[in-house]
Amino acid sequence: MQTREERTYQAVIGLEFHVHLATTTKMFCGCRLVYGDEPNTHTCPVCLGHPGTLPVINEKAIELGVMAGLALNCDVAERAVFARKNYFYPDLPKGYQISQFDEPICNGGHLDVPVGDETVRVGITRLHLEEDAAKNVHVGVSGRMHGSVGSMVDFNRGGTPLMEIVTEPDIPSPEAARAAANHLKEIMRAIGVSEADMEKGQLRCDANVSIRNPDGSFGTKTELKNMNSFRFVERGLARELERQQGILDSGGTVAQTTLHYDPETDEVHELRSKEFAHDYRYFPEPDLLPLELSEAWVREIESRMPELPDAMRARFVEDYGLSPYDAGVLTADRDLAVYYEAVAAEVDPKQAANWISGDLRSLLNESGEEVSNSKASPERMIELICLVRDGAISRSAARDVIGRVFETGDSPTAIVEREGLASVGGDELSGVIEEVIAANPDEVGRVKVGDKKVMGFLIGQVMKATRGNADGGRAREILLQKLDS
Amino acid sequence: MLDLTAAALAQKIREGEVSSHEAAEAANHRVEEVEDRIHALLTPTPEIALERAGRVDERLRNGGIKPWEGVPLVVKDVLSTKGIRTTCGSKILDDFTPLYDASALVNFGEDLVLIGKTNMDEFAMGSSTENSAYGPTRNPWDLGRVPGGSSGGSAAAVAAGEGWWALGTDTGGSVRQPAALCGIVGLKPTYGRVSRYGLIAFGSSLDCIGPMTRDVRDSALLLQAIAGHDSLDSTSANAEVPDYLADLEGGVSGLKVGVVKELMDERIDAGVRGVVENVVGGLEEAGAEVGEVSLPHAYYALEAYYIIAPAEISSNLSRFDGVRFGLRETADGVHEMYRRTRERGFGDEAKRRIMLGTYALSSGYYDAYYSQAQKVRTRMIRDFRDALSRYDVLISPTAPSVAFEIGAKSDDPLAMYLQDICAVPASLAGIPAISVPGGLSEGLPVGVQLMSDHFTEPMLLRAARAAEEVSGFAFSQRP
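Protein chains in written order, with the numbering used here: chain G, 1 to 485; chain S, 1 to 479.
For reference, chain G alone in the conformation it holds in the complex (with noise of 0.2 angstroms):
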């Protein structure tokens, strides 16, 4: 039951996610995309901001912009203009980024996010282009830019195209929060419009936070920066929700701010508010035309989509049928999902899915190893699952079987035979099963009666006889048969 302090303190969040695009050159100027390489060698002068030059649009980010906006379920605009928004640092060449305010690429839509076994509705407001930043770099012990003795700009990264996604507030906890943002990730991986990595920067997220009050309204959102990690995305707006539960707690009011979130402490930090205090003074870029998207081209860019994790994981439940929760699992990795239909296109789907969700996925978890480069090919897989549905091992045997297969490569049947994991079946199983009758004439009398549950008792001893080597549903209808007759 809901405590009356749980309905009181309803979280209400909206996200802010930057996007870094996929493109191979920058976005105003044909300057490659290279990330970690020495400071400052993909540079121009248009990307230097040096007098005189101007920006010239990505047209593949316009296209993958499209792409994340369909993806999304938004409306894709007919025009959409850049702005510049205006603001001096030094990581800012031109002294404005070129963005864009009230004619966004893309307007509404939504994600539908899966909360545990739920799914949470949250709405998009909008999504737009712009240009990322360059990066200071700050000398000095804090490594940021209060207290260090020097500064400097490495500028590959200025002018990186990035998208900008902003939710609605309709995000209810903070367990939903990272449960988006990991699902846009998923959506951007799948279409290919990001590699949306957080520890290279390429997806980071912002967000906005308040506590509903009691008659429903919204309460003072602050504004919590930095988290940086799907957890931290969790994390910080957990302690920045506790901060704010502690202040309406002891009758204060929040009040509206910039906050950071400090991962080392797991705690949040108000930063100055002068930091924030800006008026960008928007106004339409006039070095660029408006961008006009005809529905032709739209449609065109829809048309080459790849399938959306959503239908995709739609399709896992009603072609293969999946619970949602595997379609979910499987579906959450494109190449998982890959390596699940190839498989499940040659054995029982499910039997399939409960391979590789369960025990693949976790020899992948602790190896760190990719999908796409496993020993353990579809085809070993799906050698596997044959040997398993044919009787030829048992359960807990092939267990051990993929093991060996995800280290080495070998073919089960190969290592079934080496390691002497053949299942017992057969006329030697019906041996076992009398030996194992004879020896319990008291428990046998108690099923004969009817006392179902000795059952597994039963069945036990006849997998213990043969080392776990017997198939368990088979050894139970091999029993039922000589009980009855």
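Mixed in with the good hints, there may be bad ones.
[Unchecked claim] Calculated cross-link-like contacts (lysine to aspartate or glutamate; reagent style EDC-like; alpha-carbon spacing at most 20 angstroms):
1. G/Lys85 - S/Asp94
2. S/Lys351 - S/Asp94
3. S/Lys375 - G/Asp102
4. S/Lys256 - S/Glu303
5. S/Lys375 - G/Glu103
6. G/Lys350 - G/Glu318
7. S/Lys351 - G/Asp279
[To be verified] Reference excerpt, derived from the structure (chain G facing chain S, CB under 8 angstroms, subset only):
8. Pro51
9. Leu289
10. Pro290
11. Leu291
12. Tyr325
13. Cys386
[As the list claims (entries may be wrong)] From chain S, some residues computed to sit far from chain G (all C-beta separations above 12 angstroms):
14. Gly54
15. Asp101
16. Gly203
Derived by calculation from the structure, the hints in this document are not laboratory data. By construction, the Cβ of each residue, glycine as well, lies at the ideal position given by its N, Cα and C atoms.
Chain S: place on chain G using the hints.
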């Protein structure tokens, strides 16, 4: 040789009668002779001119050159020149050397015989060249007077014969008004006709590079050299470049010429109006159908311009922050460094326009100023569309007065801004406009402005050529 037009000199160079090297020597000599008095150049480039002229001569011997190559040129210091100091008339770029050439110069040819970079109002903001951080340029017609601005250095250099022709830039009259005040021809082409890549931006939605020449034929030839689509400038027009010389002598017979009523009122000096009326009369005699036309929003054009252009410059000048190039003052902390660098690097007019533009774009004022100004701009475009549906060419004075004395308006920004009343309407509409010397008033040259529809430069140049003919004004270098 110094009395020839650029087109005539080009002809002689191609025919081998004169070498480009000889022409460059003559121009360099003329610079030495008059530059003390005129101060048209910020950075003379005599060696570069000779070296490049030599290469042109060599290419001519080995094959051929473009019809305009080899004729020495001066270029306003707002255009980026690779390896050659480019200051924009500002202290903040005192030691700045660009990494690339402006596209207009690239179009001109591989060996631009550059005599020098010309003086200008700082970042092209001004109408007298007095706003240069490097001191004013003097009008060759009267050394006590201004040459106009902001391309005053280019205008004075051409008038004084320091090079045969010049490139200027025109945001709200900066090619046309100094051309008028110095007795030369100044053309602002259709917005987008000439690439802006490498033009250090003032008002990005208004800036045009234009020829400043001894006569209309030179103007056509120089436009031919620099016009064209450029993939580096998204606002450059992807339209074919016509032959601007083919129909130049076609005359005005049957052409409908409308005199703009709003630009012939009492704000214009009577002597200036007289010269314009005289040229209009001449055109009528030459066969043009003359009438009066109204551009009702021309009265508001200057106000709209002084919102839009400062708004754009306030943003365009943000990159001059001391971080990557140009002046940097030392300070504790980056914000103090910005403040000191910009305080010291920019002159008064630049600061004034940054403040005007910042204010106009600020939250709470945007709708009242910037949006409103854009609406006026739309109305201005509509006025021209109406007028140009009835007339082929519109005519007005270029500037409200002849050249004024140095210092006369420098303490009164509004009086200075009024210099642009006739020029700004065409800038807002993006249409081509040309100033042709129409005669003298008070012994000083008066410019007549002709305007026409987007991309109709061939007809505009033809009408301008006729106006030049009827005015009886002929170029001769001064002093």
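Cross-check of the supplied hints:
no.: 1; hint: G/Lys85 - S/Asp94; in the structure: 28 angstroms, violated
no.: 2; hint: S/Lys351 - S/Asp94; in the structure: 17 angstroms, holds
no.: 3; hint: S/Lys375 - G/Asp102; in the structure: 17 angstroms, holds
no.: 4; hint: S/Lys256 - S/Glu303; in the structure: 30 angstroms, violated
no.: 5; hint: S/Lys375 - G/Glu103; in the structure: 18 angstroms, holds
no.: 6; hint: G/Lys350 - G/Glu318; in the structure: 12 angstroms, holds
no.: 7; hint: S/Lys351 - G/Asp279; in the structure: 19 angstroms, holds
no.: 8; hint: Pro51; in the structure: 4 angstroms, holds
no.: 9; hint: Leu289; in the structure: 6 angstroms, holds
no.: 10; hint: Pro290; in the structure: 11 angstroms, violated
no.: 11; hint: Leu291; in the structure: 11 angstroms, violated
no.: 12; hint: Tyr325; in the structure: 49 angstroms, violated
no.: 13; hint: Cys386; in the structure: 59 angstroms, violated
no.: 14; hint: Gly54; in the structure: 28 angstroms, holds
no.: 15; hint: Asp101; in the structure: 10 angstroms, violated
no.: 16; hint: Gly203; in the structure: 8 angstroms, violated
Checked against the numbered hints above, the structure breaks hints 1, 4, 10, 11, 12, 13, 15, 16 and satisfies the rest.
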